[in-house]
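Chemist: The chain contents come next:
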Amino acid sequence: MCAETGVTSMDADCTPEDTEDSFAAWYRAEYHSLVRTLIVVIGDADVATDSASEAFVRALQRWDRVSQMASPTAWTYTVALNVARRTFRRARLEAVVLRRRSVPPPVRDDSLEVWDAVQHLPLRQRTAVALHYLSDLSQRDVAAAMGVAEGTVAATLHDARRNLAATLGQPSGKEVMEHG
Amino acid sequence: MDDLTDILEHLIDDSRLAARPTMEQLKEHADRRSQRRLPGRSVIVVPLVGIAAAALVVVLVLQFLPATGQHPTSAAAAVLNEAASVAANLPASQVPGPGQYLYYRTSGGEVVPSGGAAGTRQYLFVTTETTETWVAPNGSGRQRVDAAAHLLYPSDQSAWEAAGSPNYDYLLPGIYDNTFPIRSLPVGATAILGADGEYHLPYPAGSHLPTDPTALKQYLNRYDNNSGPTTAFLTASTIFEEGASPALRSALFQVIEQIPGVTLVGPTKDEAGRSGLGVALDSKSSFYMGSAKRYIFVFNPKTSEVLGIKILMGPAGSIGGAPVPEGTLIGFTNFGPTAVVSSTSVVPH
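If you're matching them up, the sequences are chains U and X in order.
Going by the working numbering, the first sequence opens with residue 1, and the numbers climb by one from there.
Going by the working numbering, the second sequence opens with residue 1001, and the numbers climb by one from there.
Treat the hints as calculated values from the structure; they're not laboratory data.
In this text, a Cβ means the ideal position worked out from N, Cα and C, and glycines have one as well.
Please note that a few of the clues may not be correct.
As the list claims (entries may be wrong) - Just the calculated beta-carbon pair ranges, DEER-fashion:
no., chain 1, residue 1, chain 2, residue 2, range
1, X, G1273, U, P122, 28 to 36 Å
2, U, R108, X, S1343, 15 to 23 Å
3, U, D136, X, S1343, 34 to 42 Å
4, U, D136, X, A1162, 52 to 60 Å
5, X, G1327, U, R108, 43 to 51 Å
6, U, R108, X, H1150, 46 to 54 Å
7, X, D1177, U, D136, 19 to 27 Å
8, U, E113, X, A1162, 46 to 54 Å
9, X, S1155, U, H120, 51 to 59 Å
10, X, A1018, U, P122, 23 to 31 Å
Said to hold, decoys possible - Simulated coverage check for chain X against chain U, where a stretch passes if three residues somewhere in it have a Cβ under 8 Å from a Cβ of chain U:
no., region
11, 1007-1013
12, 1092-1106
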């Protein structure tokens, strides 16, 4: 639907301008969150940025449909994760691959310990944590984005919180364990 | 520890991130893409996962559809024609009824670089995926992907360990198990929008594709020319994955038979060890396709069963900057069994 007007994009009352405004507002709101989340998941700012941009291009191309989804954001995260995954797998993008880890991640100096702890989480836990806590996706949307059952997300988040608490130290663990 | 959300939100230094692309940049990029899309088609949305391995198959088909060039050798054409004839005379395959599911399985692999900082040693990994799909007549179902990764060269193991066994989980090994909802097509719809952001053929692909070879070739070319390579990849992989009907297989063999540059390899095996005949097409090195490669399509002309695809490195090839000897297997897809089953928990043997 046209977010600005509340009109479904298939409706004649929804003009191309409405559609574009709707997308632009959503894009501005979501872009940096997606990039930050991908950086945490992937560990590489270049690939994260490229993947996020690619995902938003695809969303723009298909906005009449994507905007009507229950969670356009969750869909875009799935697309971006798939793009990142393929990026690593494509020899034709070897220039990107070779850049990997050559540039320090854009992490705040006082957060390096947290960065290391998060990067040492198993991939699935890291992905779930980033999508849920950083992107504020519901567990249902995280499940959709990761292609797993909702119950799996809950268990994964539980394990991730436990691991982070163990790595980053108590007494913070209790609070972390109770979050979400 | 503070709230985890607060901690993570503080993690990334936004001032060091690249600027967000402007809407104009985004639209320019999207417009370039749109020129390749099929005009006026409608779409629905479904989740699709585990497609990377199957995409290898479509590379073959794309390579099979150039506009000009030499026609297949008579030897290749003969075996393809034989397979087409066999398929055309087979009875129609079983399709799922109410309460039933079509089950199909593919397994595939691909050689990928390990990544790492410029100047550091590149290790080559083989990523493998086994994808099982259960689809009901209404398009709902389940898909389970089991992905793994291991070093291409066992001799690299000690060096890899000596380097501290760098994490390679960005290759996304693991099990991804997902159910998907009804995805019956509205009237007039011809494609679906997948969770990978690409368009795909609807399920069941076979019922939507022409079985006349000329019409099928035009259909596939239309996807290739107008929709971009990824869509075409997935189009063709879907045809094979779902165990295309005999009539569709016959048409597909005839399409391949007409493709310039196809040669007969002769007796060979797929990566599951099954014996068949192979026809091959050699690609040249290009930016888009990377190093030169040989695509081998393995099938049984006596039964028309499609067994798999193998991709071999061509001369002077490399992956991720690491040289790979000519003839090295760098990708494959094996087509597994298809069957009609009573639930999404039934795995036929």
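Chemist: Broken hints, numbered, in rising order?
Modeler: Going through the list in order, the structure violates hints 2, 4, 6, 8, 9 and 12 and respects the others.
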